[in-house]
Amino acid sequence: MVLLILLLVLAAAVIGTPLADRLLGRDAGWLLAAVLLALAGGVLALAPSVLADGHTPESVLPWMPQIGVGLSLRMDGVGWLFTLLITGVGGLIMAYSTRYFPPGRRLGFYFLMTLFAFSMTGLVLADDVVLLYVFWELTTITSFYLIGLSGPGASRPAIRTFLITALGGLALLTAAVLMALRVGTTRLSEILADPVWSQDPAFATTIALLIVVAAFTKSAQFPFHYWLPDAMAAGTPVSAYLHAAAMVKAGIYLLMRFTPAFSDLAVWNAALITTGLITAVIGAVFALQQHDLKRLAAYSTVSQLGLLVAVIGVGKEAALIAATVHTLAHALFKAALFMMAGVIDHEAGSRDLRELGGLARLMPVSAGVTALAALSMAGIPPLLGFVTKENIFKGLLEAPGPVWAGPVAAAAAVLASAFTFAYSFRFAYGTFWGTPRGSTDVREADPGFLAGPAVAGVAGLALGLAVPILNQLGERGAVDTTGAYYPAELSLWHGFSVDLFMSLAAIGFGALLIRWTASGEHLAGRALFPANGPTVFEALHDGVIGLGRRISGLTRSDSPTRHLVMPLLVLTALAGVVAGAGIEVPDQYGDTTHPLDWPLVALATVAVIGAAVTDSRMAGLVMVGVAGFTTALWLFLLGAYDVALTQLVVEILTVVIAALVLRRLPRRFHPVPRTRTALTALIAAVAGVSAALGTYFLTGRRDISDSGRYFLNHSEEDTGGTNVVNTVLVDYRAFDTLGELVVLGVAGIIIIAVLNSSGLLPSHGSRWVVVSRRSAAYDADDNTMIMRAVGHVLLPLIVVWSIYLMVRGHTDVGGGFVGGLVAGAGFALVYLAAPSASVARIQLAYPMFIGAGILTAISSGVLGYVDGSFLKPLHTELALPWGGSLHLTTALVFEAGVYLAVVGVVLTALNQLGLEESRPGDSTLGVMGTAPDQPPASTPEKDPGDHPEDPLDTVRNGGTR
Amino acid sequence: MTLAITIGVLTFGAVFLMLQRGLVRIILGFVMLGHSVNLMLMSAGGIFRRAQPLIGYNPADVASDPLPQAFVLTAIVITFSITVYMLTLAATGRDDDTGGAP
Numbered sequence: 001m002v003l004l005i006l007l008l009v010l011a012a013a014v015i016g017t018p019l020a021d022r023l024l025g026r027d028a029g030w031l032l033a034a035v036l037l038a039l040a041g042g043v044l045a046l047a048p049s050v051l052a053d054g055h056t057p058e059s060v061l062p063w064m065p066q067i068g069v070g071l072s073l074r075m076d077g078v079g080w081l082f083t084l085l086i087t088g089v090g091g092l093i094m095a096y097s098t099r100y101f102p103p104g105r106r107l108g109f110y111f112l113m114t115l116f117a118f119s120m121t122g123l124v125l126a127d128d129v130v131l132l133y134v135f136w137e138l139t140t141i142t143s144f145y146l147i148g149l150s151g152p153g154a155s156r157p158a159i160r161t162f163l164i165t166a167l168g169g170l171a172l173l174t175a176a177v178l179m180a181l182r183v184g185t186t187r188l189s190e191i192l193a194d195p196v197w198s199q200d201p202a203f204a205t206t207i208a209l210l211i212v213v214a215a216f217t218k219s220a221q222f223p224f225h226y227w228l229p230d231a232m233a234a235g236t237p238v239s240a241y242l243h244a245a246a247m248v249k250a251g252i253y254l255l256m257r258f259t260p261a262f263s264d265l266a267v268w269n270a271a272l273i274t275t276g277l278i279t280a281v282i283g284a285v286f287a288l289q290q291h292d293l294k295r296l297a298a299y300s301t302v303s304q305l306g307l308l309v310a311v312i313g314v315g316k317e318a319a320l321i322a323a324t325v326h327t328l329a330h331a332l333f334k335a336a337l338f339m340m341a342g343v344i345d346h347e348a349g350s351r352d353l354r355e356l357g358g359l360a361r362l363m364p365v366s367a368g369v370t371a372l373a374a375l376s377m378a379g380i381p382p383l384l385g386f387v388t389k390e391n392i393f394k395g396l397l398e399a400p401g402p403v404w405a406g407p408v409a410a411a412a413a414v415l416a417s418a419f420t421f422a423y424s425f426r427f428a429y430g431t432f433w434g435t436p437r438g439s440t441d442v443r444e445a446d447p448g449f450l451a452g453p454a455v456a457g458v459a460g461l462a463l464g465l466a467v468p469i470l471n472q473l474g475e476r477g478a479v480d481t482t483g484a485y486y487p488a489e490l491s492l493w494h495g496f497s498v499d500l501f502m503s504l505a506a507i508g509f510g511a512l513l514i515r516w517t518a519s520g521e522h523l524a525g526r527a528l529f530p531a532n533g534p535t536v537f538e539a540l541h542d543g544v545i546g547l548g549r550r551i552s553g554l555t556r557s558d559s560p561t562r563h564l565v566m567p568l569l570v571l572t573a574l575a576g577v578v579a580g581a582g583i584e585v586p587d588q589y590g591d592t593t594h595p596l597d598w599p600l601v602a603l604a605t606v607a608v609i610g611a612a613v614t615d616s617r618m619a620g621l622v623m624v625g626v627a628g629f630t631t632a633l634w635l636f637l638l639g640a641y642d643v644a645l646t647q648l649v650v651e652i653l654t655v656v657i658a659a660l661v662l663r664r665l666p667r668r669f670h671p672v673p674r675t676r677t678a679l680t681a682l683i684a685a686v687a688g689v690s691a692a693l694g695t696y697f698l699t700g701r702r703d704i705s706d707s708g709r710y711f712l713n714h715s716e717e718d719t720g721g722t723n724v725v726n727t728v729l730v731d732y733r734a735f736d737t738l739g740e741l742v743v744l745g746v747a748g749i750i751i752i753a754v755l756n757s758s759g760l761l762p763s764h765g766s767r768w769v770v771v772s773r774r775s776a777a778y779d780a781d782d783n784t785m786i787m788r789a790v791g792h793v794l795l796p797l798i799v800v801w802s803i804y805l806m807v808r809g810h811t812d813v814g815g816g817f818v819g820g821l822v823a824g825a826g827f828a829l830v831y832l833a834a835p836s837a838s839v840a841r842i843q844l845a846y847p848m849f850i851g852a853g854i855l856t857a858i859s860s861g862v863l864g865y866v867d868g869s870f871l872k873p874l875h876t877e878l879a880l881p882w883g884g885s886l887h888l889t890t891a892l893v894f895e896a897g898v899y900l901a902v903v904g905v906v907l908t909a910l911n912q913l914g915l916e917e918s919r920p921g922d923s924t925l926g927v928m929g930t931a932p933d934q935p936p937a938s939t940p941e942k943d944p945g946d947h948p949e950d951p952l953d954t955v956r957n958g959g960t961r
Numbered sequence: 001m002t003l004a005i006t007i008g009v010l011t012f013g014a015v016f017l018m019l020q021r022g023l024v025r026i027i028l029g030f031v032m033l034g035h036s037v038n039l040m041l042m043s044a045g046g047i048f049r050r051a052q053p054l055i056g057y058n059p060a061d062v063a064s065d066p067l068p069q070a071f072v073l074t075a076i077v078i079t080f081s082i083t084v085y086m087l088t089l090a091a092t093g094r095d096d097d098t099g100g101a102p
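So the protein lines, in turn, are chains H and F. Residues in the first sequence are numbered consecutively from 1, following our numbering. Residues in the second sequence are numbered consecutively from 1, following our numbering.
Just so you know, not all the hints are guaranteed correct.
As the list claims (entries may be wrong) - Here are some of the chain H residues that sit facing chain F, going by a computed Cβ distance under 7 Å:
hint: 1; residue: T695
hint: 2; residue: I704
hint: 3; residue: V728
hint: 4; residue: S758
hint: 5; residue: A909
Unchecked claim - Derived Cβ-Cβ restraints for the label pairs, each shown as a range:
hint: 6; chain 1: F; residue 1: G93; chain 2: H; residue 2: S859; range: 38 to 48 Å
hint: 7; chain 1: H; residue 1: P762; chain 2: F; residue 2: Y57; range: 47 to 57 Å
hint: 8; chain 1: F; residue 1: G93; chain 2: H; residue 2: R556; range: 12 to 22 Å
hint: 9; chain 1: H; residue 1: T614; chain 2: F; residue 2: G93; range: 23 to 33 Å
hint: 10; chain 1: H; residue 1: L795; chain 2: F; residue 2: A51; range: 28 to 38 Å
hint: 11; chain 1: H; residue 1: Q66; chain 2: F; residue 2: A51; range: 30 to 40 Å
Derived by calculation from the structure, the hints in this document are not laboratory data. Nothing here was measured: the structure is a model prediction, and the numbers come from that model. Cβ coordinates follow ideal geometry from the N, Cα and C atoms, glycine included.
Extracted from the complex, chain H is given alone in its bound form (with noise of 0.2 Å):
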């Protein structure tokens, strides 16, 4: 329970966060802080009893319960000490941000950071591994736009940081897939107690390699590890939270969290162990030929990511412990180190060692707090980092495997230690000692900027002399990850052991680095590698792009034709196959032949040839509507009365629409080479030929379905509805109705999109009907008079019928489909009636209907979820006051959503095509008015002088009506 409030007060806080940018601006931070804060306290109360007492508090909701997944989350140590370090770190870089930045809002950052802090705690409580994963894929995204929002030069880095942590997440959704598969559940605490691991090793290796790319990726270990600098673009607060304490650690976490199942298995250890030296020890030495402090930093952040990569892979007890302290001391110094490199470049406008130098004159707290994270992470005692890198060193010396493996992995971490003297000495002393060089108008730090990295800081020498305390957290995380109690013994003074000399050495040869390279300077600068990690990706992602280019260029083509002709082919060849094979097919059952099919079949062969034949575009509209009614006359045949019905007003509604955008085009459909004629026939040909025959041989042998036949008797029974077609819409599968009703809509405001974004074609010229003046014909208002009178009247009622049809849906012919195009028809009826364009436009707010309709549907849906399920019909029945009793059933709201989505898009189509013509950006969302750029009503006395080119006095009277 703890845990969901844990989460659920970060949730709040990132709903919070706009609200609290408007009144506060940058210092949202403060209260962000506070928040972030406040939890740290609360997870630090819970260590007597997670740390001292072994508990291990959990909470289990269900999430998709049908295929076992929950929101399961569980704090053992190692997701403790996470915690502590998202919340507490976190809140630290919140109270340095209301100073980073300048005055001012700073939504998009701090709603990001907060949405980051709640995804990074998700990711290390999660014990799903569906859970996990979404974490895991959220941290990725938030790092994405955290990085790409910090600039114009950002989009690149921020780009590059996501496809190589999205290619670990892909890693780490197939293992967690996998996982699933084999153990049989989502809980990761289930799946990493199952014996699979240790009874079948090729499963184990699979796992542990997908676990190893996706934290090696996150954790930016060699060759991934140019990422990390790469997106020193960011901001330094974004920086300091994301690629010191939170994100890169997220890579770690998934290591100690996997190490039960894995420790035991040559590849993980080789993998992490080898992978983990080598990236702590180019890391180290880029780290040292840094001029910028921020990179600096960040090849710091890599190699110390590498040692803590490599200590896991050991596998033993003393190495866990020592990845566990050294993970926190890690945390508290670099975030540190970011943060005064941002302090820095505020004060003194440079964060280049080049024009750095001598500033701790000027800003002693400064100095004073770097000098003491640098000390920190260079290893000196009486430090945090002094006690938790000799732990690595002892940790790294009980490597399993040959007997040499031990001593030259630690020898490798001395190496990378010794770099990593010389560079935070390079860090520190070049910035605040060495010679004064660029600007001296130099200030200390304002103090509410200085408060987080100097508690970060000082906490790495409180913690240093209090190490004994960090016993508890070390030995749970012991427990954790290798299932056994182990004594951490953390102390400042062990005696003369193994490790202080190593400790030494490390001090020793930095000192003499620092010496030799002039702390750094000469190698500074200097290429080591003949290419880069961003060159590189580039390459290799420009390659796989003209790859893609290339494939796919084999194929390309902007004619339909050439797309449409390719799955036809394989169709009818498939077709080919099957018959050329022959299938066994039972006999047909029943009689699916009557005689009143025949005249059917004939009108369809007519509308075929004609529409076939027709140059005229609109004889070819009219024979698909012949078509088009005789599939309507077919599905009556079929007893299909809902679906008929629906077909005639479709039918009627197509052709209409279809006629508003013909008169846009030319007469004549375009001209085409007799030979094309004849192959398209051919191949028309074999496709209806293996159409027929497989409908005949294939269908039409077997009973009814047993779902229909369950919802021809249980439909009354379950719904009360009647019309068992409408209560397959509406009450049984009500969700697939939903979606097509999305799909709907969405047709809807695509119309209106892509007409406001290119505009519709004005009538075709050749189309304009030329009628003399003196002709009664030419006024296009006394010629509509009936058919308006008409209109007047019908409308009214046939939306009335329409309302009708869709309430009786549930136990008659009828329903919201059918109701809505009857109305839409109606719609139609008058537009078709009105003088002109611009009278006929239905001056109501259609695109609305769209929404108003699937929110209603979507609105029934909920209201199911009083009774258990989204989209449940609740029933109720209404005595009335003169007897009987009147059904109830939301699967009403349901139809009058769909009636309403129906009406919407008829609406739409309607009145955006049936413009005269517009442009780009003339279409609306809204109420449209009559646009001033409409042509006026076509009433002549209006305007006499209009047309005096018009030798023949005649006038155009508008379009094909």
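Please build the complex by placing chain F on the supplied structure of chain H, with the hints as guidance.
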């Protein structure tokens, strides 16, 4: 057999139109293909029972299968919305010609 022939004829018309030049004929072919496929769905449900599935009018053991009917009903409305969308595309730009495309 009659329904199978109708489906064959409609499919012929649909494919013939869809392979022609110009978006409007492709749309008309698409509409006709919709008819053909919808009838095929009905055929797949079985057409030996032809009474409407309305409880009260017809007993459950003669009524036709309601499931394909529900599929076809939504399919018709979806086809309508896609048709209108494609018609919109035909009415924008310069023309509906697809002949010059590479």
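Against the structure, the hints come out as follows:
no.: 1; hint: T695; verdict: holds (4 Å)
no.: 2; hint: I704; verdict: holds (5 Å)
no.: 3; hint: V728; verdict: holds (4 Å)
no.: 4; hint: S758; verdict: holds (4 Å)
no.: 5; hint: A909; verdict: holds (5 Å)
no.: 6; hint: F:G93 to H:S859: 38 to 48 Å; verdict: holds (39 Å)
no.: 7; hint: H:P762 to F:Y57: 47 to 57 Å; verdict: holds (51 Å)
no.: 8; hint: F:G93 to H:R556: 12 to 22 Å; verdict: holds (20 Å)
no.: 9; hint: H:T614 to F:G93: 23 to 33 Å; verdict: holds (24 Å)
no.: 10; hint: H:L795 to F:A51: 28 to 38 Å; verdict: holds (35 Å)
no.: 11; hint: H:Q66 to F:A51: 30 to 40 Å; verdict: holds (37 Å)
In summary, this structure violates none of the numbered hints.
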